[in-house]
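A.B. asks: With chain H fixed as given, assemble chain G onto it according to the hints.
The primary structure of each chain is shown beneath.
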Amino acid sequence: MHMPLEDTLGLNLLAANQHRADHNRAHFDAWNLLCLNVMSSPGAGKTTLLERSLAALSGRWAMAVLEGDMTTLLDAERLEAVGIPVVPITTGRACHLDAAMVSGGLKLLQQRLDPAGLDVLWVENVGNLVCPAEFAIGEHRKVALLSVTEGDDKPLKYPVMFREADCVLITKVDLLPHLPVDVERIEAHIRQVNPRTAVFRLSASSGAGFDPWHDWLGAQLKAVQTTPALIHA
Amino acid sequence: MTRCLLLSMHEWKQQHAPRVPRVDRVHLQVGSFTCVEPDQLVVTWSDAVKDSWLDGSELVIESVLLVGRCVRCQATYSPDPADGFRSPCCQHPMEEIVSGRELRIRSVAYAFETAAPCPTPTC
Chain H
272 MHMPLEDTLG LNLLAANQHR ADHNRAHFDA WNLLCLNVMS SPGAGKTTLL ERSLAALSGR
332 WAMAVLEGDM TTLLDAERLE AVGIPVVPIT TGRACHLDAA MVSGGLKLLQ QRLDPAGLDV
392 LWVENVGNLV CPAEFAIGEH RKVALLSVTE GDDKPLKYPV MFREADCVLI TKVDLLPHLP
452 VDVERIEAHI RQVNPRTAVF RLSASSGAGF DPWHDWLGAQ LKAVQTTPAL IHA
Chain G
239 MTRCLLLSMH EWKQQHAPRV PRVDRVHLQV GSFTCVEPDQ LVVTWSDAVK DSWLDGSELV
299 IESVLLVGRC VRCQATYSPD PADGFRSPCC QHPMEEIVSG RELRIRSVAY AFETAAPCPT
359 PTC
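Chain order of the listed sequences is H and G. Using my numbering, the letters of the first sequence correspond one by one to residues 272 to 504. Using my numbering, the letters of the second sequence correspond one by one to residues 239 to 361.
So here's chain H without its partners, still in its complex pose:
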């Protein structure tokens, strides 16, 4: 006899990923570092942002990068040139990093250094404004980039990404004089879907706007390092 049964779960569809993400987070907290998940569409300037921020901050903080890309080591090689440890994670056909991939990257990182000596771990996600927004990797903060060349409608077209972001960086603002785009409108659209997020305008080419962004990073690092780590099951 086959008795029909029904389990009411109320379980997160992404529960398996969330368990891995919680595990990663427990490591980050134990190592007392700030983990950032950096996301954007392809070409918004994630790697260029990292190049400039890593160069500017390497004297203040010990940092490393997990570099996600579908193929090639090109971005990882660019960041290695800054003198920061970089672990590439090639995702193959997957359009985002998930917690298991980051966990694998952490194991490789541990072969090179003791993460407890780090202050900041950057995770550069695969260029995509959709899927990365839903997949937790254990990060403390989500940082989304939007370049002015992408237009002012993207926060409304891809609202989940901008809703999830703790910080949105409007990049390539040095190009504004050459574009028919209103940066005030970009920022207004970001705030319409996420009124609580921090927003900074910057240019990795000129260096404009990096000081407030780095100040924000410093505040997040301080917040993480002074918050007692949660005990994860």
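Since the hints were made in silico from the structure, they are not lab data. Honestly, I wouldn't trust all of these hints.
To be verified - Listing some non-contacts, in silico: residues in chain H with all C-beta distances to chain G over 10 Å:
| # | residue |
| --- | --- |
| 1 | E277 |
| 2 | W302 |
| 3 | P430 |
| 4 | H485 |
What the hints assert, rightly or not - Ranges of calculated distance between the beta carbons of each label pair, as one might list FRET restraints:
| # | chain 1 | residue 1 | chain 2 | residue 2 | range |
| --- | --- | --- | --- | --- | --- |
| 5 | G | V258 | H | D293 | 24 to 34 Å |
| 6 | G | D318 | H | V452 | 19 to 29 Å |
| 7 | G | L303 | H | T362 | 29 to 39 Å |
| 8 | H | R349 | G | E351 | 20 to 30 Å |
| 9 | H | L450 | G | S284 | 41 to 51 Å |
| 10 | H | T497 | G | E249 | 30 to 40 Å |
| 11 | G | L303 | H | G375 | 35 to 45 Å |
| 12 | G | T314 | H | A327 | 40 to 50 Å |
| 13 | G | P326 | H | T420 | 25 to 35 Å |
| 14 | H | L450 | G | K288 | 46 to 56 Å |
| 15 | G | E296 | H | R364 | 50 to 60 Å |
| 16 | H | A301 | G | E249 | 18 to 28 Å |
| 17 | G | I335 | H | G281 | 11 to 21 Å |
| 18 | H | E455 | G | V258 | 55 to 65 Å |
The structure presented is a predicted model; accordingly, all values stated were derived computationally and were not measured. All residues carry an ideal CB built from backbone N, CA and C; glycine is no exception.
C.D. replies: Below, chain G alone, put in the same frame as chain H:
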């Protein structure tokens, strides 16, 4: 997304080990303010579960509408992307989301093909 759902289902199956449930139906709640396209999930599900312990199971998706609450006047509303997700009452940004972010396995309908093996061989 399908892979994550399969992993979550695998974790659920482990709770019943050593018995293997025969799953008839997986009922999901998917919010409209997520990155999941329900039709695509249904199509990939039927391919992904072929020849697995979930073969033959049906994926039923209940869509959950995006509902916001205006923090100024407390009215609930349906945020519209064309209107910038603002509250129609006060034109306030979408601060509070009441529903629409659900990605939830609501329930699983299943049965056991065989009786559970007795844990104590002497009984």
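A.B. asks: So, for every hint listed, does it hold in this structure?
C.D. replies: Tested hints:
E277 (chain H), annotated as away from the interface, has a beta carbon of chain G within 10 Å; the closest lies near 5 Å. W302 (chain H), annotated as away from the interface, keeps every beta carbon of chain G farther than 10 Å; the closest lies near 26 Å. Annotated as non-interface, P430 (chain H) brings its C-beta within 10 Å of a C-beta of chain G; the closest such distance is 7 Å. Non-interface status of H485 (chain H) relative to chain G is upheld: no Cβ of that chain comes within 10 Å, the nearest being about 27 Å off.
Between V258 (chain G) and D293 (chain H) the beta carbons are some 27 Å apart, a value that agrees with the proposed interval 24 to 34 Å. Taking 19 to 29 Å as the suggested C-beta distance range, the pair D318 (chain G) and V452 (chain H) conforms, at roughly 23 Å. For L303 (chain G) and T362 (chain H), the hinted distance range of 29 to 39 Å is satisfied, since their beta carbons lie about 32 Å from each other. Range check, R349 (chain H) to E351 (chain G): Cβ separation about 55 Å, and the 20 to 30 Å hint is violated.
Taking 41 to 51 Å as the suggested C-beta distance range, the pair L450 (chain H) and S284 (chain G) conforms, at roughly 45 Å. In this structure the supplied range 30 to 40 Å holds for T497 (chain H) paired with E249 (chain G), their Cβ-Cβ distance being about 34 Å. Judged by the Cβ atoms, the range 35 to 45 Å given for L303 (chain G) and G375 (chain H) holds: they are separated by roughly 37 Å. T314 (chain G) and A327 (chain H) have their C-beta atoms about 45 Å apart, which keeps the hinted 40 to 50 Å range intact.
A hinted range of 25 to 35 Å holds for the C-beta pair P326 (chain G) and T420 (chain H), which are about 32 Å apart. L450 (chain H) and K288 (chain G) have their C-beta atoms about 49 Å apart, which keeps the hinted 46 to 56 Å range intact. Taken as a hint, the range 50 to 60 Å is violated for the pair E296 (chain G) and R364 (chain H), whose Cβ atoms sit roughly 27 Å apart. For A301 (chain H) and E249 (chain G), the Cβ-Cβ distance of about 24 Å falls inside the hinted range of 18 to 28 Å, so the restraint holds.
In this structure, I335 (chain G) and G281 (chain H) meet the distance hint of 11 to 21 Å, their C-beta atoms being roughly 18 Å apart. Checked against the hint of 55 to 65 Å, the pair E455 (chain H) and V258 (chain G) passes, with Cβ atoms roughly 59 Å apart.
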